[in-house]
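> Produce the entire structure from the sequences given, and follow the hints as far as they go.
These are the residues of each chain, in order.
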Amino acid sequence: MAVVGRRVRRVESLDRVKGVGSFTDDLTYAGMLHAAVVRSPVARARIKHIETGRALRRAGAEAVFTFQDIPGRNVVPIILEDQPFLAEEYVNYVGEPIAVVLASERETARAAAKEVSVRLEELPPILDLLKARRHPRVHLFGEDNVFKHLRIRRGDTAAAFSSCDVIVENEYRTPYQEHAYIEPEAMIAIPHPDGTIEIRGSMQCPFYVRKAVTSVLGLPESRVWVVQAATGGAFGGKEDVPSLLACQVALPAWKLKKPVKLVYDRTEDMVSTSKRHPSWVRYKSGATRDGVLKAVEVEYVIDGGAYSTLSPAVLYRGTVHAAGPYRCDNVKVDSYVVATNRVPTGAFRGFGSPQILFAAESQMDQLAERLGLHPAELRRRNLLRAGDTTITGQKLTVSVGLEETLDRVLEASGWPTGQKRDDGVGYGLSTVFYGVGLGAAGKHLARTGARVIVHADGSVTFSVGTTELGQGMTTVLSQIVSEELGTPLECVQMIAPDTSRVPDSGPTVASRSTTMSGNALKDACGKIRDVLLAEASRALRIPVSDLRIVEGAIVPAKEEGPSMPIDEAIKSCTTARLPLSAEGWHVSTSTSWDDRTGQGDAYVTYAWATNLAKVRVDRETGEVTVLKMWAAHDVGKAVNPTLAEGQIEGGILQGLGFALTENMFTDERGVIVNPDFSTYIIPTAADSPEIVSLLVEHPYPDGPHGAKGFGEQPLMGVAPAVANAVRDAVGVRITELPITPEKIWNALRSSRRVPVTQR
Amino acid sequence: MIDVTTYIRPGSLEEALDVLASGEFTPLAGGTDLIPHARGRGPRKMLDLSGLSLDRVTRTASSIEVGACATHSELCRDAVVTKALPLLSKAAALVGTKQVRNRGTLGGNVVNASPCADTVPALLNHDAVAVLVSKDARRKVPVEAFITGPYATCIGPNELLTSIVCEPLEKPTFVSFLKLGRRQAVNISRMSLAVCLMMDGKGSIKGARVSAGAVFPVARRMREVERLLAGESPSKRLFAEAGALAAQLMVKESGVRWSTPYKRPVLAALLERALAEAASGNFGEQ
Ligand SMILES: Cc1cc2nc3c(=O)[nH]c(=O)nc-3n(C[C@H](O)[C@H](O)[C@H](O)COP(=O)(O)OP(=O)(O)OC[C@H]3O[C@@H](n4cnc5c(N)ncnc54)[C@H](O)[C@@H]3O)c2cc1C
Chain P
1 MAVVGRRVRR VESLDRVKGV GSFTDDLTYA GMLHAAVVRS PVARARIKHI
51 ETGRALRRAG AEAVFTFQDI PGRNVVPIIL EDQPFLAEEY VNYVGEPIAV
101 VLASERETAR AAAKEVSVRL EELPPILDLL KARRHPRVHL FGEDNVFKHL
151 RIRRGDTAAA FSSCDVIVEN EYRTPYQEHA YIEPEAMIAI PHPDGTIEIR
201 GSMQCPFYVR KAVTSVLGLP ESRVWVVQAA TGGAFGGKED VPSLLACQVA
251 LPAWKLKKPV KLVYDRTEDM VSTSKRHPSW VRYKSGATRD GVLKAVEVEY
301 VIDGGAYSTL SPAVLYRGTV HAAGPYRCDN VKVDSYVVAT NRVPTGAFRG
351 FGSPQILFAA ESQMDQLAER LGLHPAELRR RNLLRAGDTT ITGQKLTVSV
401 GLEETLDRVL EASGWPTGQK RDDGVGYGLS TVFYGVGLGA AGKHLARTGA
451 RVIVHADGSV TFSVGTTELG QGMTTVLSQI VSEELGTPLE CVQMIAPDTS
501 RVPDSGPTVA SRSTTMSGNA LKDACGKIRD VLLAEASRAL RIPVSDLRIV
551 EGAIVPAKEE GPSMPIDEAI KSCTTARLPL SAEGWHVSTS TSWDDRTGQG
601 DAYVTYAWAT NLAKVRVDRE TGEVTVLKMW AAHDVGKAVN PTLAEGQIEG
651 GILQGLGFAL TENMFTDERG VIVNPDFSTY IIPTAADSPE IVSLLVEHPY
701 PDGPHGAKGF GEQPLMGVAP AVANAVRDAV GVRITELPIT PEKIWNALRS
751 SRRVPVTQR
Chain C
1 MIDVTTYIRP GSLEEALDVL ASGEFTPLAG GTDLIPHARG RGPRKMLDLS
51 GLSLDRVTRT ASSIEVGACA THSELCRDAV VTKALPLLSK AAALVGTKQV
101 RNRGTLGGNV VNASPCADTV PALLNHDAVA VLVSKDARRK VPVEAFITGP
151 YATCIGPNEL LTSIVCEPLE KPTFVSFLKL GRRQAVNISR MSLAVCLMMD
201 GKGSIKGARV SAGAVFPVAR RMREVERLLA GESPSKRLFA EAGALAAQLM
251 VKESGVRWST PYKRPVLAAL LERALAEAAS GNFGEQ
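Protein chains in written order, with this note's numbering: chain P, 1 to 759; chain C, 1 to 286.
Honestly, the hints are just simulated from the structure, not real lab data.
Just so it is clear, the structure is predicted and the values come from calculations on it, not from any experiment.
Where a beta carbon is used, it is the ideal one built from N, C-alpha and C, also for glycine.
Just to be clear, a hint being listed does not mean it is correct.
[What the hints assert, rightly or not] Quick partial rundown of chain P residues pointing at chain C, CB under 10 Å, derived from the structure:
(1) ILE681
(2) ILE682
(3) THR735
So this is what it looks like as structure tokens:
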């Protein structure tokens with residue numbers, strides 16, 4: 001039976017249950033010191049003086065480092081290089097790192113960090129994203145505080161609107177979302193006597209970390225070695241932030257010639273690390289009476305915080321996804337990511353798309369309502385099919401399973417049509433899509449490496465440059481290797497991602513690991529297969545072209561005939577001193593983007609999804625209970641259906657947090673008001689509705705076994721589905737997340753559809 | 001981090017009270033309030049109560065005595081409590097999560113005296129009395145007087161709360177406990193309501209007990225509402241009136257805050273609902 005497509009258990013599951021696993025804080029090295037970070041207490045100030053004497057006098061304190069001690073460049077290199085590693089003249093957000101304190105114990109380091117006194121001259125902070133854009137006096141970035149402006153120009157929206165029968169125009173807002181991974185950010189640096197430095201930690205992108213450390217220490221890449229430790233969740237929060245932590249441990253480790261560990265505590269993590277960009281959207285859509293989406297105009301502004309980090313790339317994904325998965329000939333999108341004096345925001349599952357899709361899918365339901373069409377029907381009349389062109393002018397050819405996801409959800413849910421009952425129960429739909437991989441914004445990174453070694457005893461190890469974050473990559477890639485080589489899954493072992501084993505493979509983001517590393521592994525395995533098949537061909541006297549690997553044996557492709565177990569082929573190769581090790585490499589098909597018009601092949605392919613939420617709204621308290629969710633996703637090929645369903649369930653729950661309860665905000669001084677789990681409300685298992693996961697497989701020819709990326713998509717359409725369901729249930733439309741009881745209650749109160757008195 | 005220098009786990013109440021007499025020790029029950037708050041500047045000397053067998057439930061002729069160290073989970077499954085003090089079981093079942101209920105105790109919930117402590121409104125409805133013991137004294141204080149403010153009680157540094165004595169209500173009494181929060185578990189009450197309706201043979205309300213948590217600075221009985229209900233027969237109008245009165249009381253005592261425009265009508269609606277729920281239990285019986 002094929003291994004790909006099978007519901008095998010995640011390889012780490014048993015260890016996690018038993019508590020086995022080397023997370024960063026479990027690791028210890030002889031002579032190791034602990035670091036703590038001195039941070040800005042204010043949102044914007046000029047640094048006058050940093051006084052370290054008192055901290056150094058504390059027993060156990062070893063050293064304090066500031067920007068003056070940096071041997072290389074004082075930047076965290078991500079995209080625009082505007083973020084200092086340690087603040088020099090200004091601080092620009094609450095929590096910005098100013099100095100690193102070292103001590104023999106963690107508690108001592110933290111106490112000493114509090115004793116470093118930083119004299120600051122406070123300046124008025126800019127906290128509102130709309131005020132920040134083109135602020136007349138304060139220039140945090142460039143002339144207009146805009147890190148990046150992107151546009152899409154397609155057709156003629158003004159003319160198209162004038163021919164529309166209905167036009168819907170609205171503003172939408174979404175707040176921060178915190179990743180809330182179980183394991184906070186953590187990193188260790190170990191300097192070696194040979195002049196190299198080893199970094200181990202919780203991370204998504206070892207190659208980003210390497211780049212940051214080489215830059216701050218002024219070292220060549222050959223001398224910085226980065227290994228991913230077991231990582232307790234990431235969701236995008238460990239894409240760029242670990243670069244900062246790595247520098248915070250690498251600098252003191254390098255200077256003191258001792259290992260250094262740094263683990264953020266939860267509040268420090270919530271205050272100072274990246275989150276989902278808060279957004280403001282103005283959205284105008286128009287359709288003709290027959291339900292054809294004619295024109296879309298969008299202004300999308302997101303809050304990038306004090307430094308640009310990944311914001312330009314986040315904006316790119318948001319922009320491409322601005323109109324949802326529909327055909328539309330007249331589109332005008334202007335999107336901006338602006339600088340404010342708040343914590344830098346960054347990557348989070350969906351990467352700039354959940355915010356804009358909340359707006360886009362809320363708009364679709366309003367159009368349907370105005371047109372008197374069922375929400376599913378309006379979508380069906382506009383959704384993208386093979387042969388259609390996206391709003392960026394990309395022609396879709398294959399693997400476009402959107403309509404099937406819609407059909408599957410409608411069929412599975414039996415969504416009742418007909419007369420609505422006044423019982424506070426409602427249904428809400430969203431159809432969404434996801435550009436797989438980095439797309440044109442990151443095309444220079446769109447390659448991956450892999451290495452596979454088949455050992456003499458038949459066991460196999462492989463290495464890739466992408467990382468396991470809990471999503472199940474190790475399992476899925478092991479299945480692919482097992483399938484390619486015909487070795488049993490139990491004999492396949494992945495080595496922790498390590499920059500010394502494979503060439504720079506880019507980041508583990510954009511739902512790209514299965515496709516990219518899977519393809520690189522197929523490439524490597526193919527080379528080994530060639531050797532094995534040649535050996536078998538010699539022994540069996542059958543031409544290579546007539547041999548296949550099936551279930552652990554090399555067999556003749558057509559007729560009956562002699563076969564050879566894989567083990568034997570391996571032994572035979574070993575005896576013949578043939579190399580059963582190979583490097584694999586994969587480069588994405590090309591993407592393109594014209595900055596002036598926003599036209600081009602934005603992503604290599606797209607994944608598609610339909611979500612349906614069934615909710616009950618309490619008219620008196622405004623509370624929403626999500627009763628059930630149906631989600632169908634076209635993933636190309638589910639290499640492991642159980643893990644794919646796990647992504648759907650987890651993504652839905654995380655999406656429900658974004659939709660209903662997660663509400664992080666800052667006060668008038670720019671201080672985050674709720675950096676803890678008793679006031680920042682994430683859903684629990686008890687909040688999970690019943691979830692029906694439906695997998696649709698329209699194979700992607702360039703993916704391994706037809707697989708596309710898919711880890712982010714399950715979250716992306718949840719909030720609009722819930723908002724649409726709330727509208728269906730009690731007649732109010734909430735345009736600002738989260739949909740709290742207070743907002744519903746207020747809307748009910750001010751709507752003219754005052755709650756009918758209960759019988 | 002937690003900076004405990006001395007930890008003692010005595011095996012008898014006597015020994016515990018001796019230790020406590022110094023006034024330097026902080027009692028530790030389940031630790032679910034104490035430990036999270038102990039991060040940073042917490043107590044340095046802890047006295048663990050888990051060896052004192054203070055978790056018993058005993059029934060006397062007229063009252064039920066619940067040991068201070070009975071956990072919420074025990075309150076949910078103890079046969080005496082579930083039968084005679086169903087309101088307390090209902091409240092305990094809504095505390096935190098399974099893990100928290102397995103460790104957190106009734107005594108800890110009361111002594112911590114959070115305005116949103118879930119068992120307190122239930123206790124108030126049962127005229128509960130706190131039994132406080134020190135090396136050389138023993139006193140009984142009604143829970144209503146014991147809690148003096150948000151996170152404040154009249155317990156002395158040398159005293160232990162050993163048990164809480166509750167009066168079961170005469171039959172037939174019908175109860176309901178409602179909690180408003182922001183999620184299904186690990187859910188801090190934004191509002192909690194405990195309602196008891198004592199019915200006479202003719203279907204009228206003989207007496208009522210109504211308490212609210214997280215509504216006033218300190219959880220309290222709403223005797224004004226109880227008086228309104230007494231002697232009346234249950235009706236939608238009566239319950240709506242009761243709700244409106246409760247909302248008025250809240251605004252009068254807690255003042256107007258950012259949440260008031262929402263909380264005022266919601267309190268009214270929830271109390272109406274709690275009363276209706278209790279009353280429907282009544283009709284269900286007949
Ligand atoms: C995740 C989480 C969720 C929670 N959810 C809820 C909730 O939904 N509802 C709710 O009401 N509470 C909740 N709590 C709070 C807490 O669990 C309860 O208040 C619990 O009942 C406290 O009991 P304990 O035994 O753990 O108290 P401890 O933490 O051991 O003690 C609390 C205080 O009481 C004192 N104390 C304890 N016992 C005695 C005694 N016998 N004599 C004298 N002093 C004593 C201690 O010195 C301390 O000051 C939650 C807590 C957590 C961590």
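> It remains to establish, for every hint, whether it holds in the given structure.
Results for each hint:
no., hint, in the structure
1, ILE681, "5 Å, holds"
2, ILE682, "8 Å, holds"
3, THR735, "19 Å, violated"
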